[in-house]
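Read off the chains here:
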Amino acid sequence: MAVTTQVPDLVTPTWDYAPAPEARTLATIEASYDLFIGGDFVAPIDGRRFTTVDPSTGEPLAEVAEAGAADVDKAVRAARRAFIRWSKLPGAERGKYLFRIARLLQERSRELAVLESIDNGKPIRETRDVDLPLVAAHFFHHAGWADKLAWAGYGPDPQPLGVAGQIIPWNFPLLMLAWKIAPALACGNTVVLKPAETTPLTALAFADICRQAELPAGVVNIVTGAGETGRALVEHPGVDKVAFTGSTEVGRSIQRALAGTGKRLTLELGGKAANVIFDDAPVDQAIEGIVNGIFFNQGHVCCAGSRLLVQESVHDAVVARLKRRLRTLRLGDPLDKNTDIGAINSAEQLDRITALVDAGQAEGAVMWQPECRLPERGWWHAPTVFTGVAQSHRIAREEIFGPVVSVLTFRTPSEAVAKANNTPYGLSAGVWTEKGSRILWMAQRLRAGVVWANTFNRFDPASPFGGYKESGFGREGGRHGLAAYLRTGADA
Amino acid sequence: MAGRLDVRKTYKLYIGGAFPRSESGRSYAVADSRGRFLANASHASRKDARDAVVAARKAFDGWSGATAYNRGQVLYRVAELMEGRRDQFVEEVLAAEGGGRAKATAAVDAAIDRWVWYAGWTDKVAQVAGSANPVAGPYFNFSTPEPTGVVAALAPQSSSLLGLVSVVAPIVCVGNTVVVVTSADRPLPAVTLSEVLATSDVPGGVVNVLTGHAAELGPWLADHLDVNAIDLTGAAGDTDLAVDLEVRAAENTKRVLRSPAAEPDWTATPDGPRRILAICETKTVWHPMGV
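Protein chains in written order, with numbering that gives the first Met the number 0: chain A, 0 to 491; chain B, 0 to 290.
The hints are simulated quantities; they were obtained by calculation from the structure and are not laboratory data.
Errors might be hidden in some of the hints.
With the C-beta cut set under 8 Å, the calculated list includes, among others, these residues of chain A facing chain B [unchecked claim]:
(1) Phe-40
(2) Ala-91
(3) Glu-106
(4) Ala-354
(5) Arg-437
(6) Trp-440
(7) Phe-472
Okay, the calculated bits of chain A under chain B, using three or more residues with CB under 8 Å as the criterion [as the list claims (entries may be wrong)]:
(8) 92-98
(9) 205-216
(10) 445-453
The calculated lysine-lysine pairs, modelled on DSBU-like cross-linking and capped at a C-alpha distance of 30 Å, are [as the list claims (entries may be wrong)]:
(11) Lys-11/B x Lys-102/B
(12) Lys-102/B x Lys-434/A
(13) Lys-87/A x Lys-102/B
(14) Lys-57/B x Lys-11/B
(15) Lys-8/B x Lys-102/B
For every residue, glycine included, the Cβ atom is placed at its ideal position computed from N, Cα and C.
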C-alpha cells in the first residue's frame with residue numbers, strides 16, 4: 000500500500016487485498032543465541048558467532064553461536080551420556096516425552112510459524128497451515144511408535160543405533176528437524192542436530208520446548224553453524240549414524256567421508272521432479288497442482304515439480320491457464336496472510352537461481368514472468384515459466400531450487416516415462432490424468448521415491464519419503480522410516 | 000471435614016453423549032469391596048441397550064471417517080483428562096476393588112497409559128497389518144484393515160477400570176463404535192470414565208456405557224442385528240453365558256471375541272495390535288494398471 004499524498008480514491012474499485020500482516024511480536028527473538036548442549040544453552044568455546052538475517056529485508060535478526068569442533072565434541076559426548084539412560088527407558092515412557100513435545104508444538108504453533116516466516120522468508124500461510132501442523136503431527140506419530148517397535152517388522156526387539164548426527168537444510172527448518180529428531184528419539188537414539196546457518200532460530204526455540212517437556216538433558220543437542228560445523232559432526236567418531244538432508248553435492252562428500260567408518264547413513268538430497276500432465280487431466284486441478292508443485296515455498300523444495308511434462312495436444316491450453324493463474328499470485332511480505340510467494344532465503348540462493356535463469360535464456364528457452372513488482376529490500380524472485388525447453392538445457396537438468404518451472408512436452412505415455420526418468424535424480428514425480436489405470440502404470444515405471452497422482456507436495460508422518468538414485472537413500476516417515484534409526488538384520 | 004456434608008454423585012448411563020437414567024427406572028445398589036453401600040447404579044435394560052446400539056450406529060460414520068491421526072489425538076486427550084482425575088479414579092477403583100492403594104494406583108496409571116498405547120496405534124495398524132499384494136497380473140492390489148462397525152462388549156467383571164479400558168480402547172481406536180456393559184458389581188469407575196469421555200472430544204455415541212448385568216444385557220446385544228461384533232471378555236468364567244451368546248451371535252455372523260478362561264492380568268502390556276485386528280475387517284482393492 001502506497002502512502003497517499005492526496006485524497007484517496009474510494010470510488011473506483013481496485014479489487015486488491017488489504018494488508019493482513021501477522022504480528023511480528025508473536026515471536027520473541029533474542030539478541031544472541033548459544034548452543035544447546037546437555038540440556039543447557041552454552042556459549043561456543045571460541046566465542047565465534049554469525050548473524051542470521053530476515054531475507055525479506057536483509058536486516059539482521061540475531062547473533063548465533065558458531066559451533067567449532069570442540070563444541071561439537073562436547074555435544075556428542077552429552078548425547079553419548081544421555082544415550083545410556085534414554086535407550087534403556089521403556090518405550091512407553093520415551094513415547095510420552097514425544098507426546099509432550101507434540102502438544103507443546105501445537106500450543107506454540109502460532110509463535111513458531113511467525114518465527115519461521117521471519118527467519119526463512121516463507122509465507123505465513125505456509126508455515127501456519129503446512130509446516131507447523133506437520134511438525135506436531137510428526138512428533139505425535141512417532142511418539143506412538145516408541146513402544147511399538149517390536150511390531151514394526153524389524154524383529155522382536157529392535158535396538159537403537161546410538162548417537163545420531165543430523166544435518167538439515169533451510170527450506171523447511173522446523174519440519175526437517177521434526178523428520179530427523181522424532182524417529183531418532185522414538186527408536187531410543189539421542190541426537191546432535193545442526194540446523195542450516197541461515198535458519199537456526201526455530202531449532203533453538205525447539206530446544207526451549209525440549210526443556211519445557213523436561214526431556215532428559217543431552218537427548219537433544221542443537222549445534223548451530225555452517226559447513227565446518229557439519230563436517231565436524233559427520234566426522235566425529237562418537238557419532239553412530241548420520242542423517243543428512245541437503246544438496247546432492249554435499250551428500251556425496253558425506254558418503255565418501257563415512258566410507259570405512261561403519262557409521263550408518265541416510266541421505267535425502269536434490270530432485271528434479273517431473274510433473275506429467277496428460278491430455279485427459281482435470282485441468283483446473285492440474286493447474287493448482289502445478290502451482291503448488293513448483294511455487295510452494297518459493298520452489299525451495301527438493302521434491303518440487305520443476306519439470307512440467309505436458310502432453311503436446313494440451314500444451315498451449317495448459318500454459319495459457321498456468322500463466323493466467325500465475326498473474327494472481329501475490330508476492331511480498333512473508334508475514335502477510337495473503338502472500339503466496341515469499342522471499343528467497345539468501346543472497347547466495349538468489350544468485351544460483353538467477354544464474355540458471357540466465358542460462359535458460361542463453362540456451363534458447365523462452366522465459367515468461369507475470370507482471371510482478373519485487374520489494375526493494377531483501378531477496379526476491381518472480382515466478383518464472385520457461386517454455387520451449389529441451390532436455391539438454393541446464394534448466395531441465397539441474398536443480399534450480401527456486402520459483403522456476405521448465406515446460407517440456409511429450410506425445411505418448413512411454414515418452415513421458417522416458418523423459419521423466421531422464422535425470423540423475425529420483426525423489427518425486429507427479430501424474431495428472433483421470434484414468435486410474437494409467438496413474439498406476441506410470442507410477443510403476445517412474446523411478447522416484449514418491450509419486451503423487453492428481454495431487455502434489457503432499458506430506459504425512461505416516462507416509463515414507465525419500466529418493467531413488469542421486470536423490471539419496473533411506474526413507475523418512477511411517478514404519479519404513481524407523482529402519483534408519485534401528486539396528487536391524489545383519490548389523491544387529 | 001466436620002460441619003459440611005459432601006454432595007454425592009448420581010451414577011447414570013452414558014448413551015449417545017448424554018447421561019440418562021435407565022429408561023426402565025431401575026437401579027441397583029453397589030457396594031464397596033467390604034460390602035458397604037457406595038451408591039445406586041442405573042440398571043440398564045433391553046431398551047437402553049437398543050438405544051445405545053442406535054447411538055453407536057449413528058456415530059459410526061463420523062468416527063470411522065475421521066482420520067487416524069485425529070482419532071489418535073482424541074484418544075490421547077482421554078489420557079490427558081484421566082490423568083487430571085487420577086486421584087478420583089484411584090479412590091473409586093480402591094473402593095470398588097479393594098486390594099490396597101498401591102494396586103489401585105497401578106491400575107489407574109496403567110489405564111491412562113493404555114489410552115496412550117492405543118492412541119499410538121490408530122495411524123499404525125494399517126501399516127503393520129495392511130499390505131500391497133503382488134498378484135500375478137497387471138493390477139495394483141492392496142489390503143487394509145477397516146473397522147467392522149458397532150461392537151458390543153462385556154467389560155471384565157474384576158478389573159473395573161483398567162479391564163474396561165483395555166477392552167474399549169482397541170475397539171474404538173480403529174474406528175468402531177462400542178456399547179460396553181460394565182462390571183456388574185463394580186460399575187462406578189466406568190461411569191466416571193464416561194464423564195472423561197464426554198469432555199475429551201470423543202464424539203457422543205462412540206462409546207456407550209451401560210451399567211448392569213452381562214447375563215441380562217448380553218443376549219439382547221448378541222441377538223441385535225445391527226451389532227457387527229461382540230467381545231465376550233466379561234463373560235470369563237461363565238462358560239454357559241459365553242456359549243449362549245456365541246450361538247446367538249451366529250444369527251448375523253457377528254465377529255466374536257471369545258472370553259478367556261479366567262480374567263487376565265490387565266497390567267501386562269497388550270499383545271501388539273491383536274485386540275484391534277480381532278474386530279477389523281480386511282478390505283482388498285483391485286485396480287488395473289495400464290495406459
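- prompt: Hint by hint, which ones does this structure get wrong, listed from lowest number up?
  reply: 1, 3, 4, 7, 9, 10, 12
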